[in-house]
Amino acid sequence: MAFGILMLGSILRFISNGWVYSMYIKPKLFFPYYGFEWIKPFGEVGMYVVFILMAIAALCVALGFFYRVSILFFFLAFTYVELIDKTNYLNHYYFISIMSFLLIFLPAHRYFSLDVLRNKNIKATHASNYFILIIKFQVFIVYFFAGLAKINSDWLLHAQPLRIWLPAHSEMPLIGSFLTKAWVAYFFSWFGCIYDLAIPFLLFIPRFIKPTYFFVIVFHLATSLFFNIGMFPYIMIVLTSIFFSENFHITIINKIRSILKITKSETEQLLYTPVPSLKKAVFSLMCIHFAIQLVLPFRYLLYPGNLYWTEQGYRFSWRVMLMEKAGTTFFFVRDKTTGRESEIPNCDYLTPMQEKMMSTQPDMMVQYAHFLKEQYEKQGMKDPAIVAEAYVTLNGKASRLMVNKTTELSAIETNYKTKNWILPQNSDN
Amino acid sequence: MQAGNNRVFSTALLNIEMKKIGLIITAFFIVVGLANCKKKKGSEEEEDPAAAYDKTAMLTNYADAVVIPNFQSAKVAFDSLAFAYNAFTQNLTEPNLLEVRQKYIVAYIRFQHITTSEYGPSENELVRSNFNTYPTDTLQINSNISSGVYDLATAANIDAKGFPALDFLLYGKNKTDAQIVSLFAGSTNRVTYFTNCLAEMQNKLNNIITVWNGSYRGTFLNSKGSEIGSSLGLLVNQLNYEVDLLKNGKLGIPLGKQSLGVIYPEKCEAYYAQTISVRLAKECLNNIENVYLGRSKNGNDGVGLDDYLDALNVQHNSGTLNAAIKNQFNIAKSKLALVNEPLSQDIINNPTTVDAAYVEIVKLLVLLKTDMPSALGIVITYQDGDGD
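Read top to bottom, the protein sequences are chains A and B. To get this note's numbering, take the position in the first sequence, counting from 1, and add 7. To get this note's numbering, take the position in the second sequence, counting from 1, and add 1383.
Next comes chain A alone, as it looks inside the complex (with noise of 0.2 angstroms):
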């Protein structure tokens, strides 16, 4: 419920500040995820008429009406919008689509929903104690890669980004000149890290759940406070509650039921108990959904170079906030049969955000030089080449060519190869 309750919010936000326009209806191009070029976007109504069933189902999944088609639904549809492009990726989407799968298979509406009322042989009071496991399992894997991850140089020895991100609010009341301080971000680094190593295992322990919650709440709005995040703090302090005891949701239920005046109606107990068979697909699906979710964070291993340089196996993998990165990359059409050569001008094709996602990930570069190929082929081109010169900075190191005039971008494919031809980013600075 409460799940359903975040997603209308962040629905609604979402079409309130224009982005639905902005990011899905004014771009030229599309940034598709490798194998998922098929998905494209509807045009502008069609992409309102998405949204739009996306709250409504939200909704639904909150008053645990229709729960299981508007859960899927809002699964699928969320999943295809984020799908689109991957310049709007962000750890929390994926967590959303996350969510949204595992919570088809749960029987979150057999208890205090619209459903119930409905059809009341539907109504559990009981339910193994799996489904929990499941939601917590993911939480756990959320916070414990976000803390594997911080574990490298830049974010402990050299309190990077922070370091940069904190003394820029020093204009805050109170907190903000000790934000311009090494030490800090230096703090802030360190119980960053341990906090996400340490918070999943903590929750695990009943008897320590009002403190951990309380480090929860506050971690959270701290971030939420310094970093412009959007709902995601407000996501993980809900979801987090999971970890509480039944007696706890169960207050809040009857809290929610005396304002709402709604006598409670029956004392038995119900165990919710599915079909077998059904058991056992769901159970294999999750083992499947589990396994990837613990290898996927590790792929980077198969790639060379430094994976913030090179975001090679980057994404999905609850790498957050880690990076302060920038760039600024001049795109070139080359004539091979004449050799001159032009600079294309961005904003012809792409939107801000688009510019400065593609400005700093190579596999980007590589899409954007498609099209751009194609654009000047269209025009009557015989033979045209894109290549690229970016320069990017990375948490505070000066800026570097990422990529350089010699590479053909046009010629190479998209794929999961090494990317060869990005240039090294010296450690020497």
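No lab work stands behind these hints, which were simulated from the structure alone. Every residue, glycine too, gets a C-beta built ideally from N, C-alpha and C. Worth double-checking, as some hints may not be accurate.
Claimed, not checked - The following label-pair restraints were derived from C-beta to C-beta distances:
#, chain 1, residue 1, chain 2, residue 2, range
1, B, Asp-1693, A, Cys-294, 36 to 44 angstroms
2, A, Pro-359, B, Leu-1566, 39 to 47 angstroms
3, A, Tyr-55, B, Ala-1539, 29 to 37 angstroms
4, B, Leu-1522, A, Thr-421, 39 to 47 angstroms
5, B, Asn-1572, A, Ser-29, 37 to 45 angstroms
6, B, Ile-1731, A, Thr-425, 43 to 51 angstroms
7, B, Gln-1728, A, Lys-343, 44 to 52 angstroms
8, A, Asn-235, B, Ser-1642, 35 to 43 angstroms
9, A, Tyr-241, B, Ser-1598, 32 to 40 angstroms
10, A, Leu-60, B, Ser-1526, 49 to 57 angstroms
11, A, Thr-344, B, Lys-1680, 46 to 54 angstroms
12, B, Ser-1530, A, Asn-235, 45 to 53 angstroms
13, B, Gln-1728, A, Asp-355, 24 to 32 angstroms
Claimed, not checked - Residues of chain A placed beyond 12 angstroms of chain B at every Cβ, according to the derived structure:
#, residue
14, Arg-75
15, Thr-230
16, Tyr-307
17, Tyr-310
Following the hints, put chain B in place on chain A, whose structure we already have.
Below, chain B alone, put in the same frame as chain A:
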């Protein structure tokens, strides 16, 4: 939200292990906390430059010593251009035309000092596109003049007004001074068109100054953060946008950088005057440097982005980022100094000289657009433009 809970997984063994882990972690927190307290005491004697840094002082310097004075001095130049033009319309002579051109050049130069401030009221008035969209559409200008019916505020006239239109009206293409005077003498519509173009700019500039002197100064000073839309964010974004315009609009596009090497002399800024394109580019670069340094027109170097970078002790390779940026300003200026008037000729005669200046401005852009904002926690939200 789940009902029911059989705690089958909290086995006793697991619980004990977790308590141990919990204790270890708690101990670690305390140790780290103590270590940090110690550190805090130790570092209190050292002067922390960033802590001493005062964003209010920087924003105040920008508002009171850079932005507002630049708008005001532009206004003075516009007013004297209007005065000279009025005298010219009373008495259509060649000396009076030359006087108008003189004032036009001063106004165009002062305009280069206000473009970096396109936020707040200046953004509302869309100064860059309303004052300086070039190349100008001479057909549209002539048709407006001959019909006498036009609305300069419409999008169709965006490239038929502002400085580029004045440039065309004052100089024409291959016209002698006498011919220009007789063109004005032969058409009251032409006289009025010039007046209307100039009046539109004056009105916008007056509005901007009124709002800055009214509520906007306070708004600007009170927004002390670094987030998107903060004063500092706007300032850095517009500063960079101007570098982009210098790179593309003033130099790159005429030089053929976006047209497979095919040059476009007529796309130079102030193309018809044939004497000030390079001068305007230099003034533009000087102004960008002044804004970076927080330096006022009279050369007073106040608190600016350079001081902020130094206060944060931002490094760049073996030196500081501020030193690297200042050095790059000097290199770019020295290369631009080698470019001759008129630019529309020099891109034909000395393309490598112009290209050398272009290359150094690109390097400056990378430092200002990538390294500086990243070090200050500022996000670049504008997009590279290809000219006004």
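Results of checking the hints against the structure:
In this structure the supplied range 36 to 44 angstroms is violated for B/Asp-1693 paired with A/Cys-294, their Cβ-Cβ distance being about 56 angstroms. Checked against the hint of 39 to 47 angstroms, the C-beta distance between A/Pro-359 and B/Leu-1566 comes to roughly 43 angstroms, which is consistent with it. Checking the proposed 29 to 37 angstroms range against A/Tyr-55 and B/Ala-1539 shows it holds: the Cβ atoms sit about 31 angstroms from each other. One distance hint, 39 to 47 angstroms for the beta-carbon pair B/Leu-1522 and A/Thr-421, holds here, with the actual separation near 46 angstroms.
Between B/Asn-1572 and A/Ser-29 the CB atoms are about 43 angstroms apart, so this pair conforms to the stated range of 37 to 45 angstroms. Checking the proposed 43 to 51 angstroms range against B/Ile-1731 and A/Thr-425 shows it holds: the Cβ atoms sit about 46 angstroms from each other. Judged by the Cβ atoms, the range 44 to 52 angstroms given for B/Gln-1728 and A/Lys-343 is violated: they are separated by roughly 32 angstroms. Taken as a hint, the range 35 to 43 angstroms holds for the pair A/Asn-235 and B/Ser-1642, whose Cβ atoms sit roughly 39 angstroms apart.
The hinted window of 32 to 40 angstroms between A/Tyr-241 and B/Ser-1598 holds, with their beta carbons roughly 34 angstroms apart. A hinted range of 49 to 57 angstroms for the beta carbons of A/Leu-60 and B/Ser-1526 is consistent with their spacing of about 51 angstroms. Checked against the given bound of 46 to 54 angstroms, the beta carbons of A/Thr-344 and B/Lys-1680, roughly 51 angstroms apart, stay inside it. Between B/Ser-1530 and A/Asn-235 the beta carbons are some 51 angstroms apart, a value that agrees with the proposed interval 45 to 53 angstroms.
Evaluation of the 24 to 32 angstroms hint for B/Gln-1728 and A/Asp-355 yields a pass: the beta carbon distance comes to about 29 angstroms. The claim that A/Arg-75 lies off the interface holds: its Cβ sits roughly 15 angstroms from the closest Cβ of chain B, which is beyond the 12 angstroms cut-off. Listed as a non-interface residue, A/Thr-230 keeps its Cβ farther than 12 angstroms from every Cβ of chain B; the least gap is roughly 15 angstroms. Against the 12 angstroms criterion, A/Tyr-307 stays outside the reach of chain B, whose nearest CB is about 23 angstroms from its own CB.
Even its closest Cβ contact with chain B, about 24 angstroms, leaves A/Tyr-310 beyond 12 angstroms, as expected for a residue assigned away from the interface.
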